[in-house]
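Given the coordinates of chain D, work out where chains C and E should sit on it, guided by the hints.
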Amino acid sequence: MSNWGYIGLAYGVTYGVLIGYFVGLMRKRRQALAAIEESGK
Amino acid sequence: MSAGRELARIRAIVWKDLTAERRTKANFNAVVFFAALTLLMFGFSLDADPGTMKKVAGGVIWLTILFSGVLAFNRSYEQELEGGALDALLLYPGERRSIFLGKFLANLGFVLLVEAIMVPVAVLLYSLPIGNQPGKLLAVLLLGTIGFVALGTFYAAMASRVRAREVLLPLLLFPMLVPLLVGAVQATTALMANDPFNRSGTWIRLLMVFDLIFLTACVLAFDYVIEE
Amino acid sequence: MSFSTTRSPSATWPKWLTTFGWITAILLVSGQIYAIVTSPPDAAMGDLQKIMYIHVPSAWVAMMSFIVVLAYCLLYLWKHQPKHDLMAASAAEVGTVFTALAIAQGSIWGRPTWGVWWTWDARLTSTAVMLLIYAGYLTLRSFTDDEERRARWSAAVGILGAINVPIVWYSVKWWRTIHQLQSDMSSISPEYRRGWIINALTFTVLVVYLIVARYHVSLLQRAGEQHAEEQALAVRSVHV
Numbered sequence: 014m015s016n017w018g019y020i021g022l023a024y025g026v027t028y029g030v031l032i033g034y035f036v037g038l039m040r041k042r043r044q045a046l047a048a049i050e051e052s053g054k
Numbered sequence: 017m018s019a020g021r022e023l024a025r026i027r028a029i030v031w032k033d034l035t036a037e038r039r040t041k042a043n044f045n046a047v048v049f050f051a052a053l054t055l056l057m058f059g060f061s062l063d064a065d066p067g068t069m070k071k072v073a074g075g076v077i078w079l080t081i082l083f084s085g086v087l088a089f090n091r092s093y094e095q096e097l098e099g100g101a102l103d104a105l106l107l108y109p110g111e112r113r114s115i116f117l118g119k120f121l122a123n124l125g126f127v128l129l130v131e132a133i134m135v136p137v138a139v140l141l142y143s144l145p146i147g148n149q150p151g152k153l154l155a156v157l158l159l160g161t162i163g164f165v166a167l168g169t170f171y172a173a174m175a176s177r178v179r180a181r182e183v184l185l186p187l188l189l190f191p192m193l194v195p196l197l198v199g200a201v202q203a204t205t206a207l208m209a210n211d212p213f214n215r216s217g218t219w220i221r222l223l224m225v226f227d228l229i230f231l232t233a234c235v236l237a238f239d240y241v242i243e244e
Numbered sequence: 101m102s103f104s105t106t107r108s109p110s111a112t113w114p115k116w117l118t119t120f121g122w123i124t125a126i127l128l129v130s131g132q133i134y135a136i137v138t139s140p141p142d143a144a145m146g147d148l149q150k151i152m153y154i155h156v157p158s159a160w161v162a163m164m165s166f167i168v169v170l171a172y173c174l175l176y177l178w179k180h181q182p183k184h185d186l187m188a189a190s191a192a193e194v195g196t197v198f199t200a201l202a203i204a205q206g207s208i209w210g211r212p213t214w215g216v217w218w219t220w221d222a223r224l225t226s227t228a229v230m231l232l233i234y235a236g237y238l239t240l241r242s243f244t245d246d247e248e249r250r251a252r253w254s255a256a257v258g259i260l261g262a263i264n265v266p267i268v269w270y271s272v273k274w275w276r277t278i279h280q281l282q283s284d285m286s287s288i289s290p291e292y293r294r295g296w297i298i299n300a301l302t303f304t305v306l307v308v309y310l311i312v313a314r315y316h317v318s319l320l321q322r323a324g325e326q327h328a329e330e331q332a333l334a335v336r337s338v339h340v
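Going down the list, the protein sequences come from chains D, C and E. The opening position of the first sequence corresponds to residue 14 in our numbering, with each subsequent residue numbered one higher. The opening position of the second sequence corresponds to residue 17 in our numbering, with each subsequent residue numbered one higher. The opening position of the third sequence corresponds to residue 101 in our numbering, with each subsequent residue numbered one higher.
Check each hint, because a few of them may be wrong.
[Claimed, not checked] 27 Å max Cα-Cα, derived DSS-like pairs, lysine-lysine: (1) C:K152 / C:K41; (2) E:K115 / E:K183; (3) C:K152 / E:K273; (4) D:K41 / E:K183; (5) C:K70 / C:K152; (6) E:K273 / C:K71; (7) D:K41 / E:K115; (8) C:K70 / E:K115.
[As the list claims (entries may be wrong)] Derived DEER-like restraints, expressed as beta-carbon distance ranges: (9) C:E111 / E:R211: 26 to 34 Å; (10) E:Q181 / C:A180: 52 to 60 Å; (11) C:A180 / D:E50: 47 to 55 Å; (12) E:P140 / C:A180: 37 to 45 Å; (13) E:S130 / C:L228: 42 to 50 Å; (14) C:E182 / E:R336: 34 to 42 Å; (15) D:W17 / C:L140: 55 to 63 Å.
The set of hints was computed from the structure by calculation and includes no laboratory data. Glycine residues also receive a C-beta, built at the ideal position from the N, C-alpha and C atoms.
So that you can see chain D by itself, here it is in the shape it has in the complex (with noise of 0.2 Å):
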């Protein structure tokens, strides 16, 4: 694999790893928000 080969992946997993905990984190917040808004009822 070519240097830049090297660079892609290592800025792929960092972006993905980020977006990815990014996207559960919020995914998370609206599970909890749902769950506030249920038992506000």
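Below, chains C and E without anything else, positioned relative to chain D:
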């Protein structure tokens, strides 16, 4: 609380833990057996010639100590959990740290006794040299064990109370032991080879600092970890 | 004093946090593009040097997170406020993510440089130990159901872990100097420094955002659980 009364309390706890152990001498025998077994397994899996074995012996010995010692720590809380004796102990006036020190000393005695059998077995099994400073070698064994047992006793107070305790204890404990493992193995290996570059001193100092820091930290933090 | 009798904190998502999030993303991307585009290839490692613009900031930010963990663990033991425990846990989670990233990036950089995916390089190894220490912290939390006990135990474990970080660092460093190893990434010329600093700053902003966001999610989760609990109790008492 007066020092005299606290010492008496500690002594009482040590005695209680050790005699409970003696009543189940089977447990001690089982741990020693496991240690010997581990040494053998290392022999099979490493399949090393005597020369290589001398280089890795330090690591083999200390890993065996860690794997067998870890079996002892959860048990020292299990007995009280079953009997409800811990609650009674906690009702006693006086500081929780004497509970920690008592358990620490009892566990220390237990593990040192296991080592007293296991290390000579390792020496025989792998034809290991003791080196020309056996006193220092004993010091390394003692210092390494002290740090190991201090942290082990501490983390077991938590691990023993949750599910999957057999895996949680090593999971929490072993990463914390890395400096101790590195230091003990380096010092042991160097001393067994007569320490040609005089390295053991640095590692022994590391072990002493590690022990001091974590013994203190565990005593202080134990209050937050032991339960009502 | 039990956890659940304290009034549950606000159960909304702060609006400023969303704005902050957007700002963070913009800063992050611009910082990265600027550094990548304006940096010439290094004499020794060529374009691989560009990995430094995620690796160095990630490692720096991971370290910062663990200092935050230590601070909030101490704060919790002092004030016993649940929110401090939640902040510590959020920082630990985010810190663990960046530590894992730093290790992965270091490994990926190492492969074309040294030919192997892993070397027992002092920094890489110490970082791996740190990862395990904080993963242990998070694992303990996931196994402890009682809120108050979880907070107390986490604080103790977090503080002990933090104390060990410098000790691990030094002992591993001494260990590796016995087996002389290859040069590491610190042998880089200063002309790249501006890129590093800019990205270290943008990553800092990112990590602050992520920790605060994680913290607010924890608050929401906790509020939801408390509402559900109160409801269950209310229903039961009506039917008496």
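Worksheet item: So which of those numbered hints doesn't the model satisfy?
Response: Hint check: 1, 8, 9, 10, 11, 12 fail, others pass.
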